[in-house]
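Keeping their order, the protein sequence lines are chains A and B. Here the first sequence is numbered in our numbering, starting from 1 and rising by one per residue. Here the second sequence is numbered in our numbering, starting from 1 and rising by one per residue.
Derived from the structure by calculation, the hints contain no laboratory data. Don't take every hint at face value.
Identical copies look the same in the list; a pair holds intra-copy or inter-copy alike.
In silico DMTMM-like cross-links for lysine to aspartate or glutamate, where the CA-CA straight-line distance does not exceed 20 Å [claimed, not checked]:
1) Lys266 to Asp113
2) Lys166 to Asp232
3) Lys158 to Glu253
4) Lys158 to Asp124
5) Lys263 to Asp124
Number of protein chains: 2
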Amino acid sequence: MVLLFKSDPDDTRGWTAELARRLPGVEVRTWPDVGDPADIEFCVGWAFPPGSLRGFPNLKGLQSLGAGVDHVFRDPDLPEALPIARIVDPYMTEDMTQWVMLNVLRFHKQDPDYRRLQAEGRWDELPPPSWRDRRVGVMGLGELGGHALERLRYFGYKLAGWSRTKKRIDRVETFAGEEGLRPFLARTDILVVLLPLTPETEDLLNRERLSRLPKGAFVINAGRGRLLVDEDLIAMLDSGHLGGAALDVFRQEPLAADHAFWKHPKVVITPHVSALTRAETAVPQIVENYRRALAGEPLLHPVDRRRRY
Amino acid sequence: MVLLFKSDPDDTRGWTAELARRLPGVEVRTWPDVGDPADIEFCVGWAFPPGSLRGFPNLKGLQSLGAGVDHVFRDPDLPEALPIARIVDPYMTEDMTQWVMLNVLRFHKQDPDYRRLQAEGRWDELPPPSWRDRRVGVMGLGELGGHALERLRYFGYKLAGWSRTKKRIDRVETFAGEEGLRPFLARTDILVVLLPLTPETEDLLNRERLSRLPKGAFVINAGRGRLLVDEDLIAMLDSGHLGGAALDVFRQEPLAADHAFWKHPKVVITPHVSALTRAETAVPQIVENYRRALAGEPLLHPVDRRRRY
């Protein structure tokens, strides 16, 4: 009865203590101190190195420590039948929605322009866009995108959503698939990207797609860095076609010190903090999944291997 | 049948055109082109100079162009029996709530710190405060404060409200009067000020009151500049007792070029644009109040002269 935990070294302690507390009788080991690989029955964490899971002959389940599981599928030797779960935590979902709302309001309320005017010491009233006419579009209509749209609805915006397969959401115009992408982007002033990263969504937001957004549109990405082609975003910001971007996720994290995003006047960066997985709210479902994995029962919040999310 | 309009010179035209269109047969004059003072039956606007309204012998009503009417009571010669109305416009209320939400989220999500880290090219994750523990307090529980609290409720914060007289609001801890001020401030991490300016509220937020807020608290003011003592706010920001301020209103507007707020690293300024009165949404109630004033009926959204709001 051994659980193996792997996360960033600096936030391991709280997690392993909480797991040990809630799983009396279970030994919690921390990567890379694996011990005998045959002991490991359940893995919890981020980005186990490719090939490592294959080396645990008695592994019965893998719990991703976040909502996204693209890190799991980077392993070409991922054991075929291994049940995989992701975290779906209402606490974290609310955290994400608040980050999304901050950035939608930032752009809707012309805050970057007002920050610049303040820095210049200028008292200028800008023509204010109306919330009634503001078209916000959300890509990804799962837990996070659905929750963000629910909150956005209270603000009176014109809402749309895009997903791989068609969904119906009250008072939201929904689009789906490749053929829905152009009309969805063409009607979106503020684009919120909450897609999972899969082979189908990688580089989805390239120059051609970004150019479908109306002039002056804003891009908010809290999905994954690889959904967006950095150079294409920068080119569209520099040409004036796009009005700004707020980014929490990047192709490489931490973002390289010489990356153009850092100093770009139209780019707002947060260091992948939009919604942090917290031990206190996430551990109960992990504990339940440990129990289920060992009992051979279906996991909570299972990942579909075919869809990769 | 003459209506006299007065606003900022640069946004007069849209208003007078819209008023004329909706009031066929009524002559709309624009300050200072008053013509014969005996013609004027209804005044609409901002800050008629002290004594000017007294000079219209047939004046039957005054419509303030905004939610606040402190500008009306600066006139010591205000005719005693003149009915006064303010604008209560759901469009404008929503605008204000969005400005409030932007600033609550700005401080809750540590955005000023993340802007500074971006400027320094630093990828640092700050310890994230939990929305479940965040204590937001709203001063002023009228149309604007009540609406802001309704929206804030969706975000899961711990909410409180303060007003002159005790009010009950679902899932909001309410405080009232002088004796409620200390406990209200002591439990508030993010203070939202939406009070009217009256002799009782002027300079309400001075050093003594601001010092009741917990260390690191934030102040958001969209009420009126004179509610807050500028030097006291700056002293509390500089001492580190307060974490930041977002201000849309100022004792003098436009804010003087040499005012310390402009360059203060903890102060976010917008130039009185949190909620603009728009002709298209506000004119219908003005038209109705014109009709009522001439018919001697009670106005919509009347101002209580004793309370001064």
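Results for each hint:
1. Lys266 to Asp113: both (10 Å within a copy, 18 Å between copies)
2. Lys166 to Asp232: Answer is neither; intra-copy 28 Å and inter-copy 56 Å both fail.
3. Lys158 to Glu253: Answer is neither; intra-copy 33 Å and inter-copy 34 Å both fail.
4. Lys158 to Asp124: neither (28 Å within a copy, 35 Å between copies)
5. Lys263 to Asp124: between (25 Å within a copy, 16 Å between copies)
Figure legend: structure checked against the earlier numbered hints; hints not met, in rising order: 2, 3 and 4.
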